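Asker: Okay, here's what each chain looks like letter by letter:
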Amino acid sequence: MRFNFSLSKWQLIAYATGFCLSLPLLFLIFESFQPDTEVFEHLKQTVLWDYTYNTVVLIFGVCLLSSIIALPLAWLCAYSDFPGKKHFEWALMLPLAMPTYIIAYVYTDLFDYAGPVQSWLRAVFGWQSPDDYWFFDIRTLGGAMVMIALVLYPYLFLIFKTALKEQSYKLVQASQVMGYSPVKSFFKVSIPLGRGAIAAALALISMETMADFATVNYFAVSTLTTAVYDTWLGYYSLTAAAKISGISLRYLAWLLLINCCG
Amino acid sequence: MKKAIALLALLAAGEVAAKDVVNIYSYRQGFLIEPILQEFTKETGIETKVVFAKKGLIEKLKKEGKYTKADMVLTSNFSALLQLEDEGLVQPITSEVVEKNVPAQFRDDEGSWVALTKRVRNVYSSKDRVGKLDSLTYEDLAKPEFKGKICMRSGKHPYNLGLVASMIAHHGEAEAREWLKGLKANLARKPQGNDRAQVKAVKEGLCDIALGNSYYFGKMLNDPKQVPWAESVYINFPNQTNRGSHINVSGAVLTKHGKNTANALKLIEFMTDNKAQNMYASVNMEYPVKPDVEVSELVASWGKFKEDALPLTKVSEYRPLALKLIDEVKFDL
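In order, the protein sequence lines correspond to chains A and B.
According to numbering that gives the first Met the number 0, numbering within the first sequence proceeds without interruption in unit steps and concludes at 261.
According to numbering that gives the first Met the number 0, numbering within the second sequence proceeds without interruption in unit steps and concludes at 332.
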C-alpha cells in the first residue's frame with residue numbers, strides 16, 4: 000500500500016505524457032470522421048489506388064533492397080573476420096545520418112541526362128540524343144526505392160548484427176559441422192533465429208519509408224504522403240487529407256500487428 | 000496626477016510605436032519583396048515584418064483567426080487571392096489611390112483583393128529543333144504532332160491549374176478533358192521540377208517544348224549558369240491569332256483581423272504606385288498592373304502581345320474542376 004500513491008502519481012504522469020503524444024493522432028482520427036465525402040470520393044474514383052499502389056510497392060521494394068544489403072553485411076560483420084572489419088562495422092551505419100533527399104539530389108545530378116555519367120557516355124560512344132541509347136531514369140518509383148533503401152538499411156544492419164551476436168555461435172558451428180556451407184547456415188540457421196529482429200527492423204524501415212516526403216516529391220512519385228499534402232493544399236480539404244492519413248495509419252497498424260503476432 | 004499623465008503618455012507612446020509597423024504573410028519571395036519594403040519604410044517610416052513561406056500561410060491565417068498578427072497577405076497567384084476571399088479572411092481595400100492605379104479587371108469589385116503584377120503562361124520552343132511558334136495555341140499542344148515533345152511541371156501547380164481552368168472556361172469540361180488527355184499523351188516525361196527545369200530539359204534535348212511563366216525567361220538570362228538554357232529557346236505567346244495568352248496575377252489582400260490595417264493599406268497603395276511597380280518590372284521581369292508603367296527593357300524585347308480578356312474570377316471558378324480533371328486523367332502519374 001505504501002507504494003500505491005507514488006505508483007499512481009507515476010501512472011498519472013505516464014498517462015498524461017501518453018495523451019500529449021497521442022494528441023496529433025487523436026486529432027487526425029477525429030478530423031477523418033468529419034463529413035467530406037465529395038473530395039475523398041473523387042480521389043477514390045481517380046488516383047487513390049495509384050497512390051496506395053505506389054506506397055505499397057515502395058515499401059516492399061525498400062524492405063527487399065534493405066534486406067539484400069543489410070543481412071549479408073550484418074552476418075559478415077558478426078561472424079567473420081576480414082581486413083578493416085572494425086571500420087566497416089561503424090562506417091556501414093553512417094548512411095543513416097544522411098537525409099534521403101540529399102542523396103536523391105546527388106544521384107539525380109550524377110545520373111541525369113546532363114549529369115557527368117551520361118555526358119561521358121555520350122562523349123565516348125558518340126550518341127547525340129536521348130533516343131540513341133537507353134539509360135535508366137532515376138526519378139522514378141524504382142529510383143526512390145534505391146535512394147530510401149540506401150539510407151535506411153542501417154536499421155536492419157544494426158539490429159540484425161546485434162541479434163546475431165547475441166545468438167549462440169555454437170548453433171552456426173553445429174550446423175556447419177553437420178555439413179552446412181556458410182551460405183546455407185546463413186539462410187537455414189541465422190535468418191530463422193533472427194527473424195524477430197528482422198521483422199522489427201523492417202517495420203521501422205517501412206514506417207520511415209511511408210513517412211518520407213522529400214524524396215518522393217522530388218522524384219515526382221505520388222504516394223499517400225504526397226497525396227495528404229496535395230489534398231490539403233490543393234483541394235483545401237483537411238478532412239480528405241486526414242482520411243488519406245487514416246489509410247497510412249491503417250497500414251501501419253497492420254504492420255505492427257503482423258510484427259507482434261509474428 | 001503627474002504619474003497618471005506619465006502613464007498615459009507612455010501608453011500613447013506605445014500606441015504610436017505599435018502603429019508604425021505592418022505585418023505581412025508573403026508567398027512571394029524575399030529577394031523580390033525586400034527591396035520594395037525597404038523603399039516603403041524609407042518613405043513612410045513604417046516598419047515591415049514579413050513571414051515568408053511557399054505554402055500553408057492561408058491555412059495558418061485561418062487557424063489563427065482573430066489572434067493573427069498578419070495585416071496583409073501577398074500571394075504569387077490568383078487562386079490564392081480568391082481562396083482568401085472565399086474563406087472570409089479579408090476586409091475590403093478601399094482606396095482611391097488603388098482604384099486610380101489598378102484597372103478594374105485587376106481588382107475585386109468589392110475591394111477584396113488587388114492584383115499587383117501580371118505574368119503570361121508562355122510556351123518555350125527549342126531554337127534548333129522547333130523554331131519560333133508565332134501562331135501556336137494552347138489547344139495545339141494536345142495535337143499528335145507534339146507527341147513526346149513537351150515538358151512541364153506538375154499539373155497541380157497553381158500556374159498550370161490556372162491554365163487548365165481557363166481552358167474549361169473557354170471550351171467546357173468535356174473538351175478540356177480531351178485536351179488534357181492529349182497534352183498528357185504528348186509529354187516527354189512525367190511532370191516534375193519547376194518551370195525553369197523544363198527549359199533546361201529543352202536545352203538538354205529531352206523535349207522540344209516547355210510551358211513556363213514569362214518572368215522565368217528574364218531570370219534565366221540574369222543567371223550566368225542558366226543563360227545557356229534560356230538561349231536555347233524562343234519565348235512564344237500562345238493564342239495570338241484568337242483570344243490571347245493566358246495570364247495570371249500576383250496580388251495582395253488586407254486580412255480581416257489585422258491590427259495595423261491603415262499601415263497595410265498604405266503599403267498596398269505604395270505597391271500599386273509607380274516606384275514599386277517599376278521595381279516589380281525590373282527585379283522580377285513581371286508585367287506591371289499600372290498601365291502607364293513601362294516594362295523592363297528585356298521584357299519589352301519579347302514583344303507586345305494580346306492578353307486573354309476572360310475575367311480572372313471566371314478562371315478561378317473553374318479551378319476546383321481543373322484539379323479534378325487533372326486527377327481524373329492522372330496527369331501527374
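Since the hints were made in silico from the structure, they are not lab data.
Given the structure is predicted, the values throughout are model-derived calculations rather than measurements.
Ideal placement from N, C-alpha and C gives every residue a C-beta, glycine not left out.
Do not take every clue at face value.
Which stretches of chain A does chain B cover? Using the computed rule of at least three CB atoms under 8 Å from a CB of chain B, they are [to be verified]:
| no. | stretch |
| --- | --- |
| 1 | 36-48 |
| 2 | 83-89 |
Incomplete in silico selection of chain B near chain A, CB under 8 Å [to be verified]:
| no. | residue |
| --- | --- |
| 3 | Asn185 |
| 4 | Leu186 |
| 5 | Arg195 |
| 6 | Glu306 |
| 7 | Leu322 |
| 8 | Glu327 |
Asker: Each of the hints needs a verdict: does it hold here or not?
Answerer: Going through the hints against the structure:
Restraint check on the stretch 36-48 of chain A versus chain B: 4 residues with Cβ-Cβ distances below 8 Å, three needed, restraint holds. A stretch counts as covered by a chain when three or more of its residues have a beta carbon under 8 Å from one of that chain; for the stretch 83-89 of chain A and chain B the count is 0, and the coverage is violated. Using the Cβ-Cβ criterion of 8 Å, the hint placing Asn185/B at the interface with chain A is not satisfied: the shortest such distance is roughly 16 Å. Against a cut-off of 8 Å between C-beta atoms, the interface hint on Leu186/B is violated, since the closest Cβ of chain A lies about 11 Å away.
This hint is violated: Arg195/B has a C-beta 13 Å from the nearest C-beta of chain A, more than the 8 Å allowed. With 8 Å as the threshold, the beta carbon of Glu306/B stays out of range of chain A, its nearest partner Cβ sitting at about 26 Å, so the hint is violated. The restraint placing Leu322/B at the interface with chain A holds, with a minimum CB-CB distance near 6 Å, inside the 8 Å limit. For Glu327/B, the shortest C-beta to C-beta distance to chain A is roughly 5 Å, which falls under 8 Å, so the interface hint holds.
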